[in-house]
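4 protein chains.
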Amino acid sequence: MAGNSFGTLFKLTTFGESHGIAIGGIIDGCPPGIQLDFEAIQQELDRRKPGQSDIVTQRKEPDTVEFLSGIFEGVTTGTPIGFTIHNTNQKSKDYSHIKDVYRPSHADYTYQQKYGTRDYRGGGRSSARETASRVVAGAIAKQVLGEITINAYTSSVGDIYLEQPYQALDFSKTESNAVRCPDAEVAEQMIARIKKIRKEGDTIGGTVTCVIRNVPVGLGEPVFDKLHAELGKAMLSINAVKGFEYGSGFCGTKMKGSEHNDLFNPDGSTKTNLSGGIQGGISNGMDIYFRVAFKPVATVMQKQEALSAEGELVEMQGKGRHDPCVVPRAIPIVEAMAALVLADFMLLNKSYQ
Amino acid sequence: MAGNSFGTLFKLTTFGESHGIAIGGIIDGCPPGIQLDFEAIQQELDRRKPGQSDIVTQRKEPDTVEFLSGIFEGVTTGTPIGFTIHNTNQKSKDYSHIKDVYRPSHADYTYQQKYGTRDYRGGGRSSARETASRVVAGAIAKQVLGEITINAYTSSVGDIYLEQPYQALDFSKTESNAVRCPDAEVAEQMIARIKKIRKEGDTIGGTVTCVIRNVPVGLGEPVFDKLHAELGKAMLSINAVKGFEYGSGFCGTKMKGSEHNDLFNPDGSTKTNLSGGIQGGISNGMDIYFRVAFKPVATVMQKQEALSAEGELVEMQGKGRHDPCVVPRAIPIVEAMAALVLADFMLLNKSYQ
Amino acid sequence: MAGNSFGTLFKLTTFGESHGIAIGGIIDGCPPGIQLDFEAIQQELDRRKPGQSDIVTQRKEPDTVEFLSGIFEGVTTGTPIGFTIHNTNQKSKDYSHIKDVYRPSHADYTYQQKYGTRDYRGGGRSSARETASRVVAGAIAKQVLGEITINAYTSSVGDIYLEQPYQALDFSKTESNAVRCPDAEVAEQMIARIKKIRKEGDTIGGTVTCVIRNVPVGLGEPVFDKLHAELGKAMLSINAVKGFEYGSGFCGTKMKGSEHNDLFNPDGSTKTNLSGGIQGGISNGMDIYFRVAFKPVATVMQKQEALSAEGELVEMQGKGRHDPCVVPRAIPIVEAMAALVLADFMLLNKSYQ
Amino acid sequence: MAGNSFGTLFKLTTFGESHGIAIGGIIDGCPPGIQLDFEAIQQELDRRKPGQSDIVTQRKEPDTVEFLSGIFEGVTTGTPIGFTIHNTNQKSKDYSHIKDVYRPSHADYTYQQKYGTRDYRGGGRSSARETASRVVAGAIAKQVLGEITINAYTSSVGDIYLEQPYQALDFSKTESNAVRCPDAEVAEQMIARIKKIRKEGDTIGGTVTCVIRNVPVGLGEPVFDKLHAELGKAMLSINAVKGFEYGSGFCGTKMKGSEHNDLFNPDGSTKTNLSGGIQGGISNGMDIYFRVAFKPVATVMQKQEALSAEGELVEMQGKGRHDPCVVPRAIPIVEAMAALVLADFMLLNKSYQ
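Chains as they are written, first to last, in the working numbering: chain A, 1 to 353; chain B, 1 to 353; chain C, 1 to 353; chain D, 1 to 353.
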């Protein structure tokens, strides 16, 4: 399997199946001399972990990270940071029913075809549990980024949208409710929708918006590794993501150039920001903002047809403890991946200065 | 500048500014023994070239590719394929007016800030002229892909949408009109809209849809380098792209899991295909389809405020010969980037079999 | 720290300091479906581990590898193989005396200057303990290589040389003595020399010769990543290595072309093999053989001047349990790195066939 | 073909066969704002070019480099530098006799087996002509390196050795004779030897020593990408190289640790420098020096047996104009590859500071 590493200089390589001994990773290229805030790292993991509220999966996974290297007396040494998160609550028996069955819209079938074998327990390598390693690395990247702030939030659940532009929101409210929507009223509607869906044994999709502020001018490598291209890849690599747009996005396609152009202020900032903080693949110092589409979770608690390894259609019913909507727990993952992209470009940018 | 290479095994590295001597690239990893169809390559370049119809820029650039290596007696040898496309119609004087001026929503300002210098003529490295090199490499990649077919087409211009699903379209019609929309009636509306916009001295955005067929099961590397994540990065790296979605995309976020899941047929194909041909980052053998958002071209033929290098707002007017809508010429670029992604994953997939 | 990964498709990434919690690594790209021989892996680690004989360091490190992922029911799944080796015998107090002192010909000074900080315990990241992770990955690579055999042995200790050509040796004898020289008589001389040196509180260098057989024609990428260039890098990346030569090596520089050329047999094999099994960076099917130079270990049990962090010359004496000659324990490391190189080129070669 | 790129941040990618239209390359990552000295670049090419003296091949290749991008008004812009060197003196008819014949100790056989096809003219991609692209990139890298100086010279031809240590030499004399040995007397002997060998229709090997001065402390990435490991790979990737040693090299293996250790001066420099300027893979500020072994050129002007494509041994005689000793022309190539390694590590080192 190629594609287990992300980044060029600030680089995360991960390993681990959801029901193996542990998941984890190695962070290469973290600059030396950073006094790490370990509580902040654990806090990010806690935002992602199952069982944190009554609208997410009720699995219990403490998700405690153990750092094995690269840190000496609390300070990064510049050497690779190895870490593991042990899988403490494996309950492998939950998954024996899918050993010879490919669930619809899961990766069971494609893994089996590609590799000729698979760890079928809990989705194995294809499980979103893998994203916990990203959250650890992203939490460290955030500490590398200095003044840059990254705030993601739930901007829709099903057809319930937070209509306000991000500029009108108070991001300090995002964590005040279980769905991570900074508008309390809309959050309540979203939560109600998720509870209803769960009661139906069904699931629902949604979108996450992410806003990055205080980005210096000059991040991004402007041909294939444009800043937004890497952000897009980073987001699309998260489980269940179906789309990415930044700045004016798909709406911008309906606009005229004369409306869409962001006129300058004398200091180089722009009067509008339909560009989403990026020009020609390079940050221009304005807010970067983008939106990520998450499909509904494939595991529903209803009877569905699946495919057996022998090529027969069999009836199966989702078991276990799954998320009715992936979006609330995806917030810290979106932020983590954004932080990895920015940290990498920051180091790259230093190299020729 | 990092980020000038695309791909791991089938790898394209490019160079060139729009008004330098030449643009070009090196293709590494092209398998040996392929009898190249050079006409097909030139045909792709002709689909991208300026001046091809009355709704695109009237610049005259013949865009003839010269292959310098890697091909012997018409057959690939497995060694790197070097190629150049000379810039024959440079008209550098057209651009002297932007030497000390940053145009709104162009990359002038960000390049200048990042590098402290820039080739300002015609956008230099940030010009979409760079994509001609991608088209060459993509045309070769297509010849590596065997039975896989890639068809992109214009699915919207401004608010004029081609509403039919791709399954209802006849892709052999795409090239029959200047806007590259396979529905003749909608194409006419789109063309009329573009002409109207041009007359206003303005520009307009649009979307491209791309459909990939006959993909074998198993392409894609399923953590960071998911098939759709690489496709997304590939598309977002094209000039003027603001968004990417595949399969159900942003619409899928409003659906329930019970609606969204693609149930299997006994042969492993699926009854629906909201997944867009990809499960867990790996192709499942169904059609891959995605949509790409292009913003309106920033160069408008109207007076606009720009920023001078001295920090003053100055009035400027777009000159030269520019596209009122980038979408028709973007079709071969979208296909080329898709071909590069697939060829690379095809080679990667072979490596462990 | 960049440079923690080795390989393109069969790729090892490592982490860990000698006195941290654990060292370990991630192996990407191992093909799926391989029934691993775990005993063989542990055996390689045992060949490298301290305390195995009376001519190596008497430190006690059991060096037990724990696999965390990528293996299901004993078989590789194609997903990344994460593993750790815990540091059980840390004895950190042994190293407090070097906290503010840079030992001569160690990496203390250069790490401190480069990173501004370091884990000084036992050499930290610069310790040869890091090579245990390479041995694990190399042992798995060997199981990927099929019929290819890799045999390294001690070919000199100080000025005691094994003069016989490798063709005259019986590699099954290599493990029959503590110094890993397949000639019993020479081995005894080498052992006597090492014991004498240790008694003097001193150390001694030596060379390792490695022979690779049954290599298929066609491995190696013939410009920058020539097969011997990667083997050379692999060997030079091992601690204490000062030189590498393959085939006729430095001796070949004194020869004439008419003597040096390897004439063909009708089957494509060659009558002589001064080329060392590689032509133009690509394996030609003949034995690959090379020689690696190891300097004497820098830690001597004698008084020596060191440099204090304050810039003063201070007297210090080596403490702890160190190897008087690194060569015997380097044998499995040389083999492991050779295996990694070959496995990677084998996968690369498959990609275009 | 993988392995056509060298470097991580300062990266050279090359293309070209000896008898194709052109060879050339792309340099990524060259910092912006450097006023290039084009004469210095051409001078390096002239040091490598055929026909420069009466002891090298009498082929006439002017080797003029044309820069296509990345440079604006003589100054690097930070964008990729594309360049070509046209093959003006192809004389392809010289090579028709090797179309279906594999010459001994050439890459004909291995290329044919690996790729199933090859451009047989003049060795095609395996020709040392490819190194001209390295010389161009190295000449630019030298201009990035500032105060660092790189001096290579011929230290042996056959069994004629320059016995003096490099410290006793005056590098300004290196270019004063055709063999590039800074000692006039030894140079004469070497030249006489080469002329004698040529008269015999034979060839001879030799060694190149390279000395790098004024290297800042801290270059090199200390696990797999140790500074000397990359230097070693760089040298071993040059055609005809069979060995590499740095610092005490193979001689160091006979020494005791108490003799070999380099004791410090109070300022961090060392009293001796058997380490060759590198500790733990990182430069320590002392001179870096290494030695490279070149085998005798395989093309001899005598009758030799070759292998036909049909598996028959056939008599052939070398034709064309070849070097009797590759070493004099290898000097600028060794320097160029060293410059590429250092420039890359310099950029990498900046990234975390």
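For the record, the hints were derived by calculation from the structure and aren't laboratory data.
It cannot be assumed that every hint is accurate.
One copy or two, it doesn't matter: identical chains are merged, so the pair holds either way.
What the hints assert, rightly or not - In silico EDC-like cross-links for lysine to aspartate or glutamate, where the CA-CA straight-line distance does not exceed 20 angstroms:
| no. | residue 1 | residue 2 |
| --- | --- | --- |
| 1 | 99 | 147 |
| 2 | 319 | 200 |
| 3 | 256 | 305 |
| 4 | 319 | 37 |
| 5 | 319 | 259 |
| 6 | 199 | 267 |
| 7 | 350 | 100 |
| 8 | 256 | 202 |
| 9 | 173 | 37 |
| 10 | 196 | 54 |
| 11 | 196 | 61 |
| 12 | 195 | 259 |
Tested hints:
1. 99 x 147: neither (48 angstroms within a copy, 33 angstroms between copies)
2. 319 x 200: Cα proximity of residue 319 and residue 200: one copy only (14 angstroms, versus 60 angstroms across).
3. 256 x 305: between (47 angstroms within a copy, 16 angstroms between copies)
4. 319 x 37: Intra 38 angstroms, inter 35 angstroms, cutoff 20 angstroms: neither.
5. 319 x 259: between (51 angstroms within a copy, 18 angstroms between copies)
6. 199 x 267: Neither way: residue 199 and residue 267 sit 54 angstroms apart in one copy and 33 angstroms across, limit 20 angstroms.
7. 350 x 100: neither (51 angstroms within a copy, 26 angstroms between copies)
8. 256 x 202: Between copies only: 7 angstroms across, 41 angstroms inside.
9. 173 x 37: neither (22 angstroms within a copy, 54 angstroms between copies)
10. 196 x 54: This pair counts as within: shortest intra-copy Cα distance 12 angstroms, inter-copy 55 angstroms.
11. 196 x 61: neither (25 angstroms within a copy, 57 angstroms between copies)
12. 195 x 259: Classified as between: cross-chain Cα gap 18 angstroms, same-chain 41 angstroms, threshold 20 angstroms.
Violated hints for the displayed structure, listed by number in ascending order: 1, 4, 6, 7, 9 and 11.
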